[in-house]
Every structure is written in structure tokens, then in C-alpha cells.
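Participant: Quick mapping for you: the protein sequence lines, in order, are chains A and S. If you're matching positions, the first sequence starts at 1 in this note's numbering and goes up one per residue. If you're matching positions, the second sequence starts at 1 in this note's numbering and goes up one per residue.
Please note that a few of the clues may not be correct.
[As the list claims (entries may be wrong)] Quick list of simulated restraints, FRET-style, between CB atoms: (1) A:150 / S:353: 38 to 44 Å; (2) A:140 / S:141: 54 to 60 Å; (3) S:500 / A:488: 56 to 62 Å; (4) S:57 / A:67: 48 to 54 Å.
[As the list claims (entries may be wrong)] If the Cβ cut is set under 10 Å, some of the chain A residues that face chain S in the computed set are: (5) 170; (6) 174; (7) 176; (8) 249; (9) 408; (10) 413; (11) 425; (12) 454.
It should be emphasised that the hints constitute simulated quantities derived from the structure, not laboratory data. The model shown is predicted, which means the values in this text are computed figures rather than measured ones. Just so it is clear, CB atoms sit at the ideal spot from N, CA and C, and this is done for glycine as well.
What follows is each chain in one-letter form.
Number of protein chains: 2
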Amino acid sequence: MAIWPLLLLSAICPLFSSAITTTNKPPAFPSSFIHPQQLRSSLSTKTNKLYEEKFFTQILDHFNYNPQSYHTFQQRYLINDKHWGGPKNNSPVFVYTGNEGDIEWFAQNTGFMFETAPHFKALLVFIEHRFYGKSMPFGGSKETAYSNSSTLGYLSSTQALADYATLILDLKKNLTATDSPVVVFGGSYGGMLAAWFRLKYPHIAVGALASSAPILNFDNITSPFSFNNIITQDFRSESENCYKVIKRSWQEIDDTAAKPRGLEILRKSFRICSNYVGAGALQGWLSSAYTYAAMTDYPTPSNFLSPLPAYPVKQMCKAIDDPKTGNITFEKLYGAANIFYNHTGDAKCFDLIDNSDPHGLGGWSWQACTEMILLTDGSAEDSMFPASNYSYNDRVESCKYGYNIEPRPTWIPTEFGAHNIHRVLKRFGSNIIFFNGLRDPWSGGGVLKDISKSLVAIVAKEGAHHVDLRFSTKEDPNWLQHVRKTEVQIISKWLSQYYHDLADSSHY
Amino acid sequence: MAIWPLLLLSAICPLFSSAITTTNKPPAFPSSFIHPQQLRSSLSTKTNKLYEEKFFTQILDHFNYNPQSYHTFQQRYLINDKHWGGPKNNSPVFVYTGNEGDIEWFAQNTGFMFETAPHFKALLVFIEHRFYGKSMPFGGSKETAYSNSSTLGYLSSTQALADYATLILDLKKNLTATDSPVVVFGGSYGGMLAAWFRLKYPHIAVGALASSAPILNFDNITSPFSFNNIITQDFRSESENCYKVIKRSWQEIDDTAAKPRGLEILRKSFRICSNYVGAGALQGWLSSAYTYAAMTDYPTPSNFLSPLPAYPVKQMCKAIDDPKTGNITFEKLYGAANIFYNHTGDAKCFDLIDNSDPHGLGGWSWQACTEMILLTDGSAEDSMFPASNYSYNDRVESCKYGYNIEPRPTWIPTEFGAHNIHRVLKRFGSNIIFFNGLRDPWSGGGVLKDISKSLVAIVAKEGAHHVDLRFSTKEDPNWLQHVRKTEVQIISKWLSQYYHDLADSSHY
């Protein structure tokens, strides 16, 4: 089952689904996964009051000067000045460094910024990443921007960071707020961008809250097995039986599929729509449910990737362990899948080959084929997934097939650093919070230990993917309240120090 | 005389001299000036033993992923491992971050690295900047690489820094020296690159010696008058008469040129070859002599931009003050010019429109028209040059004329920071030495005060343009010996700290 690792993370690839088979799609960043048929849209008209939508004329290429580089595009950002103390007070600007999707989706899942704005009197700005949402170069249409590698070529992390730098400086100038300190925030890939932004543009951001940012998950710095190991741990921590049922199920699915009328048995067992195609798709669909349940194993009901109950991993294992299902593996798995894919109970059947992309996340496939060579695809012997090694060659092959492009796997560590990060940054840089929840499979690639006094790691044993950034609820556990309180204290310290230095700067 | 400021720095523009008139050439970085007819080549066969020439297959575009970006070119570097302690001892690698010209020229004028290599057991590497010397993309020929803005577009500082990062990591890997610390060195634009390299790539360089790097000379951060003010101060410090003679001479040249047979008088007065064309060219030729004499006002005889005696400014003022020349201004100026342009005494006549470029510095015109919008072109009322304001519009116009390109004047401060540098870097970054000599006109755009304990400014009142990096001589004054000793001590400290952290890193 050498194809398994890519299957695992291949659930979304809407633009190239016709060109890339199920078995060699380029892997997507898991946060970019969503099963639309179960999605209760979070973009309600009510929440639109959270911000105003604006556009900035952005340069296409910051690093070259050929005629093409001078082209511009309209970059979207969302702004909320309700609580801002204004330029006279040099009140701060909180900027979300957008990741691989529609910026509204991220804004609406980053309640931490809205909830702390009144305390800090902060202006809120959420900047959309180029090539996502409405921020499309080459005329504004996704079809044109994504049409080939000559246009998609401008989709890169360094260009995105330079976009943020350019937009922030221009915005501050227009607001006559050049002395207002900027703090950047981001989760997942957005968290990587936030951390890198503070490292590369310290003159623009005084600090960064990088939540669940797997900046070490490159070039074999952290283990390619850690991602699946953590998912395994999550399920195994709920019950040994749950783990065992899942672990043995892959073979059972294969065996059933090989029988006469086996696919029909599978289709009926999992209430799959009549367009169902094969065992691999079912395995991918199930493993995605486990993976994203682990990522979003939040302590309260949520609707980030999918509408979910509190502690979805626990609920899925409960379904698997349910004595009513006896020894019938598929009934157990169906119960678990139903929790992830049908928490609302509305689904009539499950469509395994739905390629719609409501949050506009499809560009990640390109990033995963160029520079974002995140290592997640290994499964150890005791993994709940079939054992397999990470294979860079598989990635190369699928990227060649999908985009006719060769990845640059060492570029991210070359540009941003990652090897020996504790040694390198011990005496360089300041003011970054690295938050990680250890239930989150991505935490294996995160910074889990303090680097210095002001480059700090906040680790929550019970936490999942950027849970700290979510809107608070009355049911939030103490540890989560404590994490957010600590983050507010640290950010306060950065700002105090900034204002102190600002007052002091007449001496220079 | 609104055209004067551009004239002043327009002495070299070999590739576009036919397209750009004398009055609106884009300004060149003064270090890129050389009058070849007086140059005694420093590239002697003897000195070639200093290093071995090698080539690295470098990627054309680090920041984009379109098909063109994958093209490669051969980047030259020079290497000397004579004193290297080797990978087993993690002995250091000293890298010169090449600037706008043939890397051999810079290597041969950076004796400091050769002279300190035995003490540090350092490997020496001098990397040539893309689009200079032998490091030409697009097939290796300068004619092709410089042919239009589609090819020249890839000549930028960010690409150059990424080249250095990529080459250094690859070289260390090949030498199995991944734990050897790297220190970067550079003078002038190379010094800017060294400082920026440490700021942007702290994971690759443990420290930087940035000599005479005017990183603040952008976006009105430092005064556009400082450059000409310092030249004025240099000459005025030698004698008030010297200053006055030069100051009034510009009008005298104009008046003479306007007379019947006036140009012939000027031609004879200055022993100009028969192809002489006008008053403006003579004024540019003279002001270049003053400017480059100020830059290279070294305490010992030198041959960097031109063969010169020790303290050339003093010598030129001596010629101007020479009682033998009575009140004949042109005779006085001729005496001064003869020191700068004809120290060897070989010149039969002076060719004002010689556009040859022995050090391959012509690409600077492109850089000065895209991102390197250094502000040097203002002259105050009491300047020895005719008073004028810096005009950004003049720059725009000349760049449009020469390259049909629009500068991006805020890009360098956006990408690298410059505003409020003391406040920004007080709590961020470490291990940079900013050397400046106050006789150097570029020192007005340099970092002249310590930023923090490890971001330090070394200022030599008597020093000129990156004098600290030059080969030492027996005649070096005490202050210069002291500067170099201090630099060695600081670099030693960086390395000790690195080795301490390396030994300690098993705890991480």
C-alpha cells in the first residue's frame, strides 16, 4: 500500500482532479479539507458586521524588475476599527497574515483578535493571501490565475510576506499611524507566515503569535512519522479497542472490495452515494475523518472544517466502542464517520468524490508541489494507519504529473531557517509566541520548547489545531482560558516595551 | 544648473551611454567608477594564487515558480582553503558577499580576510554577485544578460542574497562542514548585503562585518545633502582656500565655455584629448575626481579606484594651494585632477568620454534605476559643488529614458528596514559590525552609533571607504590598526559564543 500516504492527505485538489488520479494527487495541507455537503456555512450575513472589505493595489513580483513584475492585482483585506484607539495614541494594529483560503473564513475563526481588540484598543486587519479568495492576480479570475504554471508561479510564501509588508506600511501611512505598533497573528500556514514575518520584517511587526505553525516540518528536521503518530495517539488515548478496530479495518476494506459484490457491500455499509468508485476512495475518506477530527479535537462544539461536537475523537471512539455494533467493523466505522461527516444529521448519502471547494483552498496543491514540502506521510508500524515510509519521490512524481513542476524541498529551510532553530535563534530575534496543542497532528513539526526569553513556546497537552485563536465560549476549559490569558500578557509586554522605546527614541 | 546632481555621479554608464545623454544618465554607485586609462591593473597573475576560481549552478529566480524561474546560471566564487582548520574542527567559513563588479577585484581589495584567515583558521569564499563578472545568467554572456529589462529584471538585491544563502549551504554540505560557522564580510554595497544577510539569514551567518554600508541612505532617512557635505568637509579641512577655489570654479568653467574659443581654452588647460565635448563633461570629470578622492582618502598609497598617493585629498588641496600657480584657477584644478587621474604620470591626455568598464560595474545603473535609490544628489548652499536639491523626478525621468523602467524607491526600506533602525533592532538581531570612516561621503548614510551590545558601530574619524578591509601596510596609522584589532576581537567573540552554543546544543 505504498500509495496510502498520499491518499491520506489528498482529499482536496479541485482544480486538477481531472488530471491527477486519486492515487497520486499532490498532498494538501489538511486545514484545506472540507466536506461541503455537511458544511453549515459560517459566512453568515450576521458575522459580516465583523469587518469591512477593502482592496489594495498590490505589485505582482516584489523581487524582480522585468516588465511582467510590474503588473498589479487587487489584494483583499478586511478591517475593523471599532475599538481602535487611533493614530494619536499610537494604538496598535493587529494583522492576521492570511493563509491558503478565503480570508473571511479565517477571520471568522480567529475570535481571539476580535475579543482582545477592546482591551488593546487595536485596529484589526485580516489580509488575504495572494491567489486565494478574491485576491487573484491576472485579471481577478481564479480560472486565469490558476490556468498554468506561468501565472501560478507567482504564488509563493516570500511573495505573500512581501505583500503583507507592502500593504501594512501603506495602510499605516494612509492612516497617519506610522508609529502604531503592529502585531501579526496566524494559525497553521498563517502561523508559519506570522512567525516568518516577525523574523524577516522586524521593522514592521513588533511581535507574532504563531499558532500551530509546523515550521520545523521540513527537510527531515522533525520526523515524517510524527503526524500520523499523533493521530494514532489521539485515538488510542480514548480506547485501545478503538485503535485496534481502525488499525485492522484497512485490510478488511481491501478484502471486502476484492470479493464479488464487495463494493456494493461497502457502499451500503457506509451509506455512500451511488457514484462510489473504489476501496481507496473509502479509505481516504475515512482517514481524512480521523485526521481532521484529530486536528479539530476542540473541547467545545465547533464548525471550522466541519460541524462537530465537542471532543470529536472521543465521540468517534465511542461509536466504535459501542457494544450495540457487536463485532461488525464497518458498522463501527460508519458510526465514527457519521460523527465527522454528518453531525447535523442532514446527509442522505456520502459523496466520496465531491471536489467542490467552498473556502477556495485549491491553491495549496500548487504550494505543496513547489516549496511546502511538509513531511507528514510516514506511518510507523504501530500507527493506526497502514505502515509506510515517507517517499519524496512519490511527491515529485505526482507534482510532475499534476503541474509538470519540480519541488524545491530545501528552499523553505534555506530562506527561513529551521535546522537547529534553538541554537540559531537563542541569540537572534525576539517576540514570537509559538502555540501548539499536542492533540494536533501538526504539533510534531512545531516549536515546543522556549528558544529564549521572548521566543516562547506555549504547549497545551489537551489542545488541537490553533484552538487558542478561536472565539471563546462559556464552556472553555481552564487550560484554554489560561493559554489565552498568557498570550494577552505576553503581547501586552511587547507593546509596553515598544511604547517605552518609542518615548525613549529621542535619545538616538 | 538643475542637471548638476545627476552629472556628479554619472561618470559611468557604459551600456546605455548611447541612449542616455550626459545630462540625464542614471546615477551610479561611486565605487563603480574607474578611469581605465590611468588604471594599473590590480589583477596581476601573481595575486591569482590568492584563490581558486569555481562555479556553482545557481537558480535564476528563488521567489517564483514559473517555468522561467527554474533556469540556472553559473555563479562564480573564489575559494582559499590554505589556512582552513577543516570540518572536523568546525573551523569557520569567511564569506565575502560580492558587490557590483568582478569578484576578483573585490577579493584583491579585501586583504583583511586573507590576513585574518590564519588566526581564525578560516576558509575564505568570495561569491560574485549575479549579473557581474563571470556570473551572467542567460547563457553567460553580458550582452545577452544585459540586453533588455526581461533579462536584467533578475538583477536584484534579494535574489543576490538568496544566491548567497543557497551557495553557502550547498558548499558547506559538500565539504561536510554543516556545523562550521559562517561570517559574512562586505564593503560598500557588499557591506549592505553583508548586514542584510545577517538580518535575513541568521541561520546561515553568525555575524557580519558591514564596512561603509550606507543602509540608511534611502527614503529621506538620512539627508540627501550629507554625501556632498562630507566631500566638502574633507576638502575644507585641508584648507579654506582649496574649498573656495573649487567652489567658484564651476562658474568659471561655464563662463569660459561660453566665450569664443572657450572650449579650446578649457581643453588645453586640462590637457584633454581632442575628442572633448563640453563644459558639463569637464565639470563631471572634476567632481568625480573630488568625490572618489574623498572616498579613497586612504592613509597610504592605494590602487582601488585609481592609483593614488596617501591622503589624496590633502595632495589635491596642496596642488590647488600651490603658490606657483598664482591665481590661475584652471592651473590649480589641473594640478588636483592630475593627482587623481595621473598619479603614475603616464597619461598623455585625458579622455572625458571613455566608457570602458574594466571591472564590469555597468549593471549598477540598472540597480540604481530599480531599487537602489540612494540619496546623494543634494548640494547645500555652502557645498563646494553648486547648490541643488535632490530631485526624485530627475531620477525617474532618466530611468524611464534609459531603461523604460519605474524605480521602486520605498522597496529597500520595506524589505530590509531602515527607518528608526536603532529602535527596531535594539531588541532584535545581533552580531553586526558597522564600520564607517567619516572622511567617506557614504558615511552619512551609515550606522554611526551602537544599536545594542552586539550590533555595534565602529567609527573612524580619519577613515575613508571600507579602509578597514584593505590589506595592511607597515605605514598604517594607529587608529586603523586599532579598528582592525577591534574587529578581530568582536568576530572572535561571535565564534566563541557559537562554539559554546554548539557544545551546549545537546540540551535542546
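Participant: Confirm or reject each hint.
Facilitator: Hints, one by one, checked against the model:
Against the hinted window of 38 to 44 Å, the Cβ-Cβ separation of residue 150 of chain A and residue 353 of chain S comes to about 43 Å, which satisfies the hint. For the hinted restraint 54 to 60 Å between residue 140 of chain A and residue 141 of chain S, the CB-CB distance of approximately 39 Å leaves it violated. With their beta carbons about 35 Å apart, residue 500 of chain S and residue 488 of chain A fall outside the hinted range of 56 to 62 Å. Residue 57 of chain S and residue 67 of chain A have their C-beta atoms about 27 Å apart, which leaves the hinted 48 to 54 Å range violated.
For the restraint placing residue 170 of chain A at the interface with chain S, the shortest Cβ-Cβ distance is roughly 9 Å, inside the 10 Å limit, so the hint holds. Using the Cβ-Cβ criterion of 10 Å, the hint placing residue 174 of chain A at the interface with chain S is not satisfied: the shortest such distance is roughly 14 Å. Proximity of residue 176 of chain A to chain S is violated relative to the hint, the smallest CB-CB distance being about 15 Å (cut-off 10 Å). The interface hint given for residue 249 of chain A is violated, since its Cβ lies 39 Å from the closest Cβ of chain S, which is over the 10 Å cut-off.
Because the smallest distance between the Cβ of residue 408 of chain A and any Cβ of chain S comes to about 8 Å, under 10 Å, the interface hint for this residue holds. Taken as an interface hint, residue 413 of chain A checks out: its beta carbon lies about 8 Å from the nearest beta carbon of chain S, inside 10 Å. The closest approach between the C-beta of residue 425 of chain A and any C-beta of chain S is roughly 7 Å, which is under the 10 Å cut-off, so the hint is satisfied. For residue 454 of chain A, the shortest C-beta to C-beta distance to chain S is roughly 8 Å, which falls under 10 Å, so the interface hint holds.
Hint check: violations occur at hints 2, 3, 4, 6, 7, 8; the rest are consistent with the structure.
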